[in-house]
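Trainee: Below are the chains, spelled out letter by letter.
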Amino acid sequence: MPDATGLELLAQELRETEPDAVLETTFFREKGRIAVAPASIPAVLQFLKGKGFTFLASVHGLDYYPDEPRLGVQYELLNMHDVDRLTVTLRVPVDAPEVPSVTPQWPTADHQEREIFDMFGVVFEGHPDLRRILMPEDYEGFPQRRDFPVGGEPILFTQQQAHGTDYTLGVDVPHEGSETPDA
Amino acid sequence: MSTPTSVSEYRKAEQAVDIDAPIGSQPLGYAGEQELLTLNLGPHHPATHGVLRLLTTLEGEVVRDIKPIIGYVHTGIEKTAEQKSYWKVIPVVERMDYLAYYFNSMAYCGAVETLLDLEVPKRAQYLRVIHLELNRIMSHMVWLGTSALDLGAMSLLFYCFRERDNILDLFEMSSGARMHTRYFQVGGVMEDIPRGFEEKCRAFIKRMPRATDDMRALLSHNEIFLHRMRNVTPLDAETLLGLGVSGPLLRAAGNPWDLRKAAPYSSYEDFEFNIPIGTKGDNWDRYAVRVAEIYESCKIIEQALDGLPEGAHIADDRKVVLPPRHELATSMEALIHHFKLVTEGLREPPGEAYYPIESPRGELGCFVRADGSSKPARVHMRDPSFVNLQATAPMVKDSYLADLIATLAMLDPILGGIDR
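For the record, the sequence lines run as chains B and G.
Per our numbering, residue 1 is the first one in the first sequence, and the count goes up by one each step.
Per our numbering, residue 1 is the first one in the second sequence, and the count goes up by one each step.
Treat the hints as calculated values from the structure; they're not laboratory data.
The beta carbon of each residue, even a glycine, is placed where N, CA and C say it ideally should be.
Mixed in with the good hints there might be a few duds.
[Stated by the list, open to error] Each pair of labels, with its calculated beta carbon distance range:
1) GLU269/G - GLN105/B: 30 to 38 Å
2) ARG210/G - PRO136/B: 44 to 52 Å
3) PRO136/B - ASN274/G: 44 to 52 Å
[To be verified] Calculated cross-link-like contacts (lysine-lysine; reagent style BS3-like; alpha-carbon spacing at most 30 Å):
4) LYS49/B - LYS280/G
5) LYS31/B - LYS319/G
6) LYS31/B - LYS84/G
7) LYS79/G - LYS67/G
8) LYS280/G - LYS51/B
9) LYS88/G - LYS31/B
Please model the entire structure based on the sequences and the hints provided.
Mentor: So, in structure tokens, the structure goes:
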């Protein structure tokens, strides 16, 4: 793992090649992370690829609600030669959630960027096929956002269809007889 | 009868064909797009190992393009995990990759322990290794049995499931449950192994290599099997790395990357074992690597049983781990800690951690973000099946449809892990 000094050296080199890219470096639990400006992410990852971080292990989406800017994308890089790991993070606001896609350079990011788009609504510009991946195509909203409510969705079962009963019962309105009696 | 005055374009082209001329100079030839057939494979198809839908474009019997469509078993586990306190998340994440439940809970507990900066006792680490490796064999047994079934070798499934059942018996002994055991806890394991577990486990690892020999004897010289395996759908290590593929698929292509060796966790550095690798990266190598891993797992379990250290099976941090049962009757503080842990759960310092381990299918990483409360603010699993699935298209392009089934079986995707 790169130590705190190694992380600073790497960040300094990155600052020299990509001015305005590095926002912050943190070292937490034996692991370095570099926060970068969203627009610079393809260049940053390309630079780190040259430093041996050739394997993009994972891309996560996050929602920092209620902090601003809310949405976050994290890239877990792996240097297989030195067995180093490094996290590159970026934050974008909800009303302008555009991040340049890294799929053209890193084919592995394809599904993972689609998942983050699906779950958080982060738009990856330049992604070849940005569609929902886990949720249905016609789904509305971004379910992994922290302000997305947890709750049931009405499901029409054959029995209710046959009897013509209202199938939304039990979701917003409790079933008849299931209400708690007043004390 | 008169000859039709206007003939279709197609008929004109057909009449213009000269049978004696070489095929390349014909005006008709293959009509490109018109000859392609789009075929929906799945989502309900026994050979897709779950509810995976493959939109295949076929030219005759040759696969020209393939698009995996997923999400049919998406259950929102990551969202559910955000609603639960840290220790209640373990049974939920175990249900993601349902053949590697010990691995899921290991990755999650590892991430939580990293955030807490909690030391896991040596005995707990060894017990974890024993169960992880048993789980690896169990996962490979299901993979081998169902893959052989896809290729028409029906009898092997029963042999594989017999051995799998022996492993599930062991899981039942140590935790009381056969599947989704919730045995790994934050800080260690739920309970020490019971009396008799060791003998039973030793008996199992003694018979398992012999059983694997028998299974290999059934498959490895079978001509039908060999035709679907050898030199079928190879993919080089560089392409696989670009696609983020890890685990047995990458090792089959000759790259000996294994997190157990490269970045040991949970005391894997104490054990001697080899990493089987392939040379070509074809189906045969994928099969051979996984089968060879079974022998290595048996070796690791044996060493872990031999060297099992004495001591506690779970960490002794009362803010994180439930106090021992006998203390509840005598110690007021133990009772308070127990009450706080059960009602509210443990609290994490704010931070983010990513904890990768080597699952039977590759790098399984768990990302946890803590915001200081007793519930995680984000749990994300980097599931190897989800990432490895992207390699299907480059693998099977321009190969036969029947090879697609074999390749998909060798890819070993688990849809519970893909969709989460």
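Trainee: Next step is simple, just say for each hint if it's right about the structure.
Mentor: Hint-by-hint comparison with the structure:
no., hint, in the structure
1, GLU269/G - GLN105/B: 30 to 38 Å, "34 Å, holds"
2, ARG210/G - PRO136/B: 44 to 52 Å, "49 Å, holds"
3, PRO136/B - ASN274/G: 44 to 52 Å, "46 Å, holds"
4, LYS49/B - LYS280/G, "26 Å, holds"
5, LYS31/B - LYS319/G, "25 Å, holds"
6, LYS31/B - LYS84/G, "27 Å, holds"
7, LYS79/G - LYS67/G, "27 Å, holds"
8, LYS280/G - LYS51/B, "28 Å, holds"
9, LYS88/G - LYS31/B, "27 Å, holds"
Consistency note: the structure conflicts with none of the earlier hints.
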